[in-house]
Amino acid sequence: MAKITMREAISQALMEEKDRDPAVFIMGEEVGVWGGTYAVTKGFYDKYGAMRVKDTPIAENAIIGGAIGAAMVGQRPVAELMTINFGFSAMDYIVNQAPKLHYMFGGQFTLPMVIRAVGGGGRQLGATHSQTPDAIFAHFPGLKVVSPGTPEDAKGLLKSAIRSNDPILFIEHATMYQVRGEVPEGEYTIPIGKSKVQRAGKYVTIVTYCKGLELSMKAADELAKQGIEVEVVDLRTLRPLDMEPIIESFKKTNRAVVVEEGWKSYGVGSEIVSRIYEEAFDYVDAPIIRVAQKEVPLPYNRTLEQAALPQVADITAAVKEALQ
Amino acid sequence: MKKEQQLDLYYQMVLIRRLEERGAELYQAGKIGGFMHLYIGQEAVSTGLIAAREPRDRVITAYRDHGVALNCGISANEVMAELLGKATGMSKGKGGSMHMADTSKNMWGGHAIVGGHLPIATGFAIGDQYAGNDNITICMFGDGATNIGYFHEALNLAKTWGLRVLWVCENNQYGMGTAVGRASAVTEIRRKADGYGMKNGQVDGMDVTKVYEAAKEALDYVRKEGQPYLLEIDTYRFRGHSMGDPERYRKAEEVKKWQENDPIGIFNKQLLDKKVATKKALDEIEARAEEEIVKAVEFAEASPEPAMEELYSDIYAD
Chain A
1 MAKITMREAI
11 SQALMEEKDR
21 DPAVFIMGEE
31 VGVWGGTYAV
41 TKGFYDKYGA
51 MRVKDTPIAE
61 NAIIGGAIGA
71 AMVGQRPVAE
81 LMTINFGFSA
91 MDYIVNQAPK
101 LHYMFGGQFT
111 LPMVIRAVGG
121 GGRQLGATHS
131 QTPDAIFAHF
141 PGLKVVSPGT
151 PEDAKGLLKS
161 AIRSNDPILF
171 IEHATMYQVR
181 GEVPEGEYTI
191 PIGKSKVQRA
201 GKYVTIVTYC
211 KGLELSMKAA
221 DELAKQGIEV
231 EVVDLRTLRP
241 LDMEPIIESF
251 KKTNRAVVVE
261 EGWKSYGVGS
271 EIVSRIYEEA
281 FDYVDAPIIR
291 VAQKEVPLPY
301 NRTLEQAALP
311 QVADITAAVK
321 EALQ
Chain B
1 MKKEQQLDLY
11 YQMVLIRRLE
21 ERGAELYQAG
31 KIGGFMHLYI
41 GQEAVSTGLI
51 AAREPRDRVI
61 TAYRDHGVAL
71 NCGISANEVM
81 AELLGKATGM
91 SKGKGGSMHM
101 ADTSKNMWGG
111 HAIVGGHLPI
121 ATGFAIGDQY
131 AGNDNITICM
141 FGDGATNIGY
151 FHEALNLAKT
161 WGLRVLWVCE
171 NNQYGMGTAV
181 GRASAVTEIR
191 RKADGYGMKN
201 GQVDGMDVTK
211 VYEAAKEALD
221 YVRKEGQPYL
231 LEIDTYRFRG
241 HSMGDPERYR
251 KAEEVKKWQE
261 NDPIGIFNKQ
271 LLDKKVATKK
281 ALDEIEARAE
291 EEIVKAVEFA
301 EASPEPAMEE
311 LYSDIYAD
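Top to bottom, those sequences are chains A and B. So the first sequence is numbered by the numbering used here: it starts at 1 and just counts up by one. So the second sequence is numbered by the numbering used here: it starts at 1 and just counts up by one.
One or more hints might be untrue.
Okay, derived cross-link-like pairs now, EDC-like style, lysine to aspartate or glutamate, Cα gap no bigger than 20 angstroms in a straight line [what the hints assert, rightly or not]:
hint : chain 1 : residue 1 : chain 2 : residue 2
1    : B       : Lys280    : B       : Glu292
2    : A       : Lys202    : A       : Glu182
3    : A       : Lys100    : B       : Glu310
4    : B       : Lys257    : B       : Glu247
5    : A       : Lys159    : A       : Glu187
6    : A       : Lys100    : B       : Asp318
7    : A       : Lys100    : B       : Asp314
8    : B       : Lys159    : A       : Asp55
Reference listing, derived: stretches of chain B covered by chain A, where coverage requires no fewer than 3 residues with Cβ under 8 angstroms from a Cβ of chain A [said to hold, decoys possible]:
hint : segment
9    : 39-49
10   : 112-125
11   : 140-153
12   : 270-283
Non-contacting residues of chain A with respect to chain B, defined by C-beta distances greater than 10 angstroms in every case (computed) [what the hints assert, rightly or not]:
hint : residue
13   : Lys54
14   : Asp92
15   : Glu305
Derived from the structure by calculation, the hints contain no laboratory data. Glycine included, C-beta positions come from ideal geometry on N, C-alpha and C.
So here's chain A without its partners, still in its complex pose (with noise of 0.2 angstroms):
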C-alpha cells in the first residue's frame, strides 16, 4: 500500500483510465493549459494534447451540455465544474437533461459521462461559492452521485465511474486535496452504490460521507480515547443509496448520529433517518441526531464561517446526547 494524497488518487484514476480508453477525454475551465484550479490535471495538457484535455470557456451550459452531446454518441467525457455551485448554471444539464434522456428515449442510447464538481466550505469563499449542495443533486432518478472520503475510494469509484455508462456526479470536497491515505498498488476499481464500514465500533453508528468522514474519524479517535467505541458507515454513494450497511450496524448500535456538511433541512440526514426508522424501527432505543451546517448562507468571516459548518466536538457531543 502507498500513502498518496486525495489530489494524486484522483489524478491517477483519470490518468489511467485515459490510457486505458482513448474515448475518455477531460473537458472545463482550466483544465489544460492551468493544469486544473486544484491542480489535480497538472501536466496532462502535456502528456495528452488540447484534444484530449480541452480547455473551454467559462460557459457551464456548454461544457455540460456538450459533455451530454459527445456521451450520447460514443464519446466518454470527464466534465469538471471548477465548484460545484457553478453548477447551478448548468442545472438544467445536469438535473434535467442527463438524467432523463435515457429513459424518456427508451434506452436508445447511453450517457457515459462523468461530471467531477468541486464542492464544500471552509476556505473562506463567501456564501456563493462555499455550498455542500449534494442533496440537491441525489434527488434525480437516473443521475449517480458519488462523494468519496479516502483518497483510496476517490481512485477507484473515479475509475467505475469513467467506465460507467451513466451519467455521473463525482463530487470532490474543497478542503480534502491534501489529505493523505493509503492506495492500493497497481490496478483496482471500486463499485458505486455501496456504502462501507470505515471504522468499527459497537455503541453508535455514525452514518456520514466525504468531509463528515474526515470530521467523524477524527470524532471516533476522541471517543475511543473515553471508551466510546462508535461504528463509522461511509455512504459513498449518495444515489444509488446502499442502506445495508448502516441497517446492519445499526440493529447493532441502535443508536445512530448523522453527519453532513450540508444544511440539515431536507439533507442527506433526513434521508438517512427517515430510511432507518422505515427499515428498523424495532431497533431503535434513542433518537437519531443530525449534526449538519447551520441554517445560513456561509459567511467570509473564518470565526463565523466555523461556526456555521459541522465540528468534530459537534459530532462527539452528538454521540454522547445518543448515549443517553
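For this one, chain A is given, so just place chain B on it according to the hints.
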C-alpha cells in the same frame, strides 16, 4: 434534383400534413395526451433540409418534431404509436410528441426545453471531431431559442473549436405567442451569427426546392471548411403554437395571407408547371400518403400499452 426525388419530397410533405391532421383529431378525441405542436405550414423546411444531408449526418431538433421524424425515415406507424404512447413507438411510449427519436436513422430527438438541445448538438460535433470523422450535426430550433443563453454558449463554442454544426433557425415569426420583434433585439436572426464570426445565410422556407439548395450549399461549406454555419429559414406555422392555443396574438388575415403560400401548394404548382408530374400522378401520391396514415392510425390503435415493468426500465444503463 431528379424527378423521383422531387416526387418523394412531395410525398413526404403530404405525409407530414396528413399525419398531423389525423393527430389533431386524435388529440381532440383524448387519445393523444400532453403537449402537441403541429408543423403544418412548415413542412418544406425539414423536408428540403433533411433531403440535403448524408445519412451519416446527425439531426436534432426542438419539440415541433413529427415532420423531422418522418423526413429522417422513421415510419408513420412508429410516430403515430409514440403519439398514442404505445409500446411500439420508437421510445416505447415514454417520450411522446415532443421527444421523437430513432438514433438508427440519425434522428436524435425531439427536445422540449427551449434552446436546451443546442449545447447537446455542439456535443455531438465535439464527439465527431474527437473521433476524427467529418459527420455534420444539423441542429434545428425556432426563433424563440435564439434569445436564451444556451444559443450563445453553443454557437460560441462551435465556432471557437471549429465544429461541424449546421445551425438551422426556423423563423416562424413567433416564439409561442410573442412576435420576433417583441422578443429579439435583432429580427433578422442570421445576423446573430455575425457576432461569432460565423458564416450565415437565409432562405424562403415555403419553397422546398430553395430550402434544399440552400441546405446543400451550407452543408458543403460545413463539411469542407470544418466550420459551423447558421442558416435562417423563414416560414410560418398555420396552426397555433400547440393544441389549445387561442391565437390572440395574430390576426386571421395574417394567417390567411401566409396560407395562400402553402408550401405543399407551391411545390404542387412547380411540379405541374415544370411538367415533372401530371395532376393525376400527384393525386396518386396524395392518396398513397393518406392510405399510409390510415394504416398508421390502425397500427397505433391496435398496438399494446407499454408493460408495467417499463416504468422501471432504462433509468440506468448499468
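Right, here's what the structure says about each hint:
no.: 1; hint: B:Lys280 - B:Glu292; in the structure: holds (18 angstroms)
no.: 2; hint: A:Lys202 - A:Glu182; in the structure: violated (25 angstroms)
no.: 3; hint: A:Lys100 - B:Glu310; in the structure: holds (14 angstroms)
no.: 4; hint: B:Lys257 - B:Glu247; in the structure: holds (16 angstroms)
no.: 5; hint: A:Lys159 - A:Glu187; in the structure: holds (10 angstroms)
no.: 6; hint: A:Lys100 - B:Asp318; in the structure: holds (15 angstroms)
no.: 7; hint: A:Lys100 - B:Asp314; in the structure: holds (10 angstroms)
no.: 8; hint: B:Lys159 - A:Asp55; in the structure: holds (14 angstroms)
no.: 9; hint: 39-49; in the structure: violated (count 0)
no.: 10; hint: 112-125; in the structure: holds (count 10)
no.: 11; hint: 140-153; in the structure: holds (count 3)
no.: 12; hint: 270-283; in the structure: violated (count 0)
no.: 13; hint: Lys54; in the structure: violated (8 angstroms)
no.: 14; hint: Asp92; in the structure: violated (6 angstroms)
no.: 15; hint: Glu305; in the structure: holds (31 angstroms)
Hint violations for this structure: numbers 2, 9, 12, 13, 14, all remaining hints satisfied.
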